[in-house]
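Asker: Since chain F is already given, all that's left is putting chain A on it; use the hints.
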Amino acid sequence: MRLRLLRRAQPSLVMRILAPVLAALTAALIAFALLALSGKAPLAGFYALFLAPLSSAEGWADVLVKSAPLALIGAGLVVAFRSRVWNIGAQGQYIAGAVLGSAIIVHDPQVAGVWVIPTMLVLGIIGGAAYAAIPAFLNTRFNANVILTSLMLDYVALSGLHYLTFGPWRDPSNFGFPGSVSFPSAGSLPVIWPGTQFDIGALVAFAAAPLIWLLLRGTLFGFQVRVSASDAASTYAGFSRPRVVWTALLLSGAMAGLAGLMQVAGPIDQLQTNIASEMGFAAIIVAYLGQLNPLGVLPSALLVGLFYVGANNAQITLGLSSSLGQLLQGVLLFTLLASNVLVHYRLTRVRA
Amino acid sequence: MRAMSSMNDNAAPQEGHARLELAGITKRFPGVVANDDVSLSVRPGEIHALLGENGAGKSTLMKMIYGLLEPDAGSLLWDGRELRIEGPMHARALGMGMVQQHFALLESLTVAENLALTLNRHGRWDPERIVRRVEEAEREYGLRVHARRPVHRLSVGERQRVEILRCLLQEEPLKLLILDEPTAVLTPQEIESLFAILRRLAAEGLSILFVSHKLDEVRALCHRVTVLRGGCVVARSDTAQVSVEELAALMVGDAPPPLRERSRPTIEPQVRMAVSGLNLPTHDPHGTELVEVGFELRQGEILGLAGVSGNGQQELMAALVGERAVAPQAVVLDGRSVGHLSVRARRRMGLRYVPEERLGKGAVPELSLVDNALLTRWPQALRWGWLRLAQARAMAEVLCSKHQVRQAGVNQPAASLSGGNLQKFIMGRELDQNPEIFIVAQPTWGVDVAAARRIQDGLLALRERGSALLVISDDLDELLLLSDRIVVMSGGRVSPVRPVEETGRAELGQWMGGSQDGWEAFGDAA
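Protein chains in written order, with numbering that gives the first Met the number 0: chain F, 0 to 351; chain A, 0 to 525.
Hints listed in this document are in silico derivations from the structure and should not be mistaken for laboratory results.
Hints may be right or wrong, so weigh each one.
Chain F is faced by these chain A residues, among others (derived, beta-carbon under 7 angstroms) [claimed, not checked]:
| id | residue |
| --- | --- |
| 1 | W383 |
| 2 | G384 |
| 3 | L386 |
All C-beta atoms in this analysis are idealised placements derived from N, C-alpha and C, irrespective of residue type, glycine included.
Just chain F, with the same shape it has in the complex:
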């Protein structure tokens, strides 16, 4: 008796939904095995990682706050990836949005007025979109590979952020620590769940996914994205590929920029060196774990958010390394790729 993969006549809808669940369970099992191998009590570790954050309301708030930017960036990346525009630069666009939006506060730390928050939001969007415009221009003008240009620009953005937070934008009254001034209340998003960091920004972030779903389903642009599956068919339909590349990059960049701004004007409350904490890369996993469906991004963002909070919790309570969260993300990506094979193939037993 041997197992063999046979191609399905049609991709399976059931497996498309089940594959991420299967992947998450497998990843959890691998985490369990890793904990056991590293000599820690696996059950306690497992509890600290996955269950403890969900056993209290504050824990839930933490997970939601962590998930919000992932859901926002992830929804934007769904548009890009479905258009076959491989924007790996969400990290840089996130930083660009955060930096440009913070400029108002750094310029005048005492700023006040109701116009401040809206202006910061707009600047965040512009920052992310403008940064994404660079790979869009390089691709449509010189046919440069978006994966390479957008990825490299991530590191350029990070260096720029370091320069600003260590240099000209450093808060002089902060004992030489890097980072801008703390944001005044006029530049902070209002918290809507008292006692937690859950603010209006998180709500906006979660609302993005359904809007993107509507955009992809019902608009002409959504149709262009669907047809992008085939270049030849897009040409035949009379669509312009450069326009799709520009729109996809500007939109996903704008959403990443907005996410960045809403982090510095929200939970972080300051422009710091480590604001990004690999958020732009985690969002790629979120987009794929959601099967490139805007609505699927919501549960997958919650799961990856849980990994962040759980790893943090495990570090505090058990002294486990905080890189456990990233390790889990990596494992999850692999298990997802493996289980997605089952969307197009089915396992059958063959007699040797």
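Answerer: Only chain A this time, still in chain F's reference frame:
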């Protein structure tokens, strides 16, 4: 059906043992039985035709003989011994050779180098030795091939001869040669020379399995014929004992409805599309450059563009429809220079087209039929930037029912349609828009006879309405049937345009083969 055919078996005379014998071969794929209890025998020195329409199960059967697929049931006897063919390597070791429709040749290597790649498997790299063997083969079988020429400079007919040579020169002496639709890409003259070679090979004892759906060729070349329909054998016979009409009836089942009467359109035949001085360089090293292409397409006519595929037809289509920009005045639509305009702009002017590539261009395989119905019709479903999905769905449903597209629901992906149904879907999508100017490549490629008739009828109906049609096809017979005037494309240039009554297969075939006799004298005035 099968009970009837088993009586025909007696008609075949028994002379010695069969080289290849299939008994009760069955092969199922999800949702279809591709071959159902198929039996077949081929004797030494026999040219045996396997006749059937597109989708009758011929290719599946060939693949099982050559070891590319494994049958679900049934047995295969080779020289009287029952065996299981493990794969193409095993099949070749037994003395089988197969020439597929799509050749497996490396374009940038010479003929000898290509042959050395597969023939010199165990020895050292020695194309020169191959050159000598190729010359011997020419003396022996009359197979003319330039051994030192790179493949990209060969005509399709020559490439096919290289593939046949590869089978003949293989280590194990060749006993059975399988040819899959070998004449599909050849000019009439090339077909004649291929048949001469095959007859000579058969006379020396080679068995040939000739897979085809062309009745005349089967009658002209083959000794015996097995007819497949819907995966079953419906007849076996000596070709001498059946007429072309009988074969057609066996192959198709019910006779297709006759084509509509051609009427003279009453409209003044004004020029709708004028092409002149059209030049287009190619980016693809194996593509074809367009040189000074010019012709006129008039209202109420079907202009046939004949030619062996790969002679610039794809490049011409790209330039005519707007996929590649050319000089503005090179393409004139209704008096307006449009050579620089986009696909979208030209479609708005009433020009619609059907590309040769169905899946991946004419339709997106992973998208639903609803989305695919919108592919060229989206402006109609658009309001304020939103697509009206209910309307799109209704559009797809009407399209499928009107053109008898068999499908399991319009939300199914286009990839789930069979080739013939997809073709009906795509042709229907464009025809129903009643395009003023319609350019279509290979309109009936891959569909059965009845569906082909409906599509041809649709084209003629469009012509009667006064539209201007340009039909690009490899199939000269179809063009002679449909066209008012005909033009040949060869090496990126076009011949003079000829009314169908004033030309014939001989002249067109010569032009398709690269001759330019009579091009200058005639001019474009016709």
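Asker: Broken hints, numbered, in rising order?
Answerer: The structure conflicts with hint 1 only, although it agrees with all the remaining ones.
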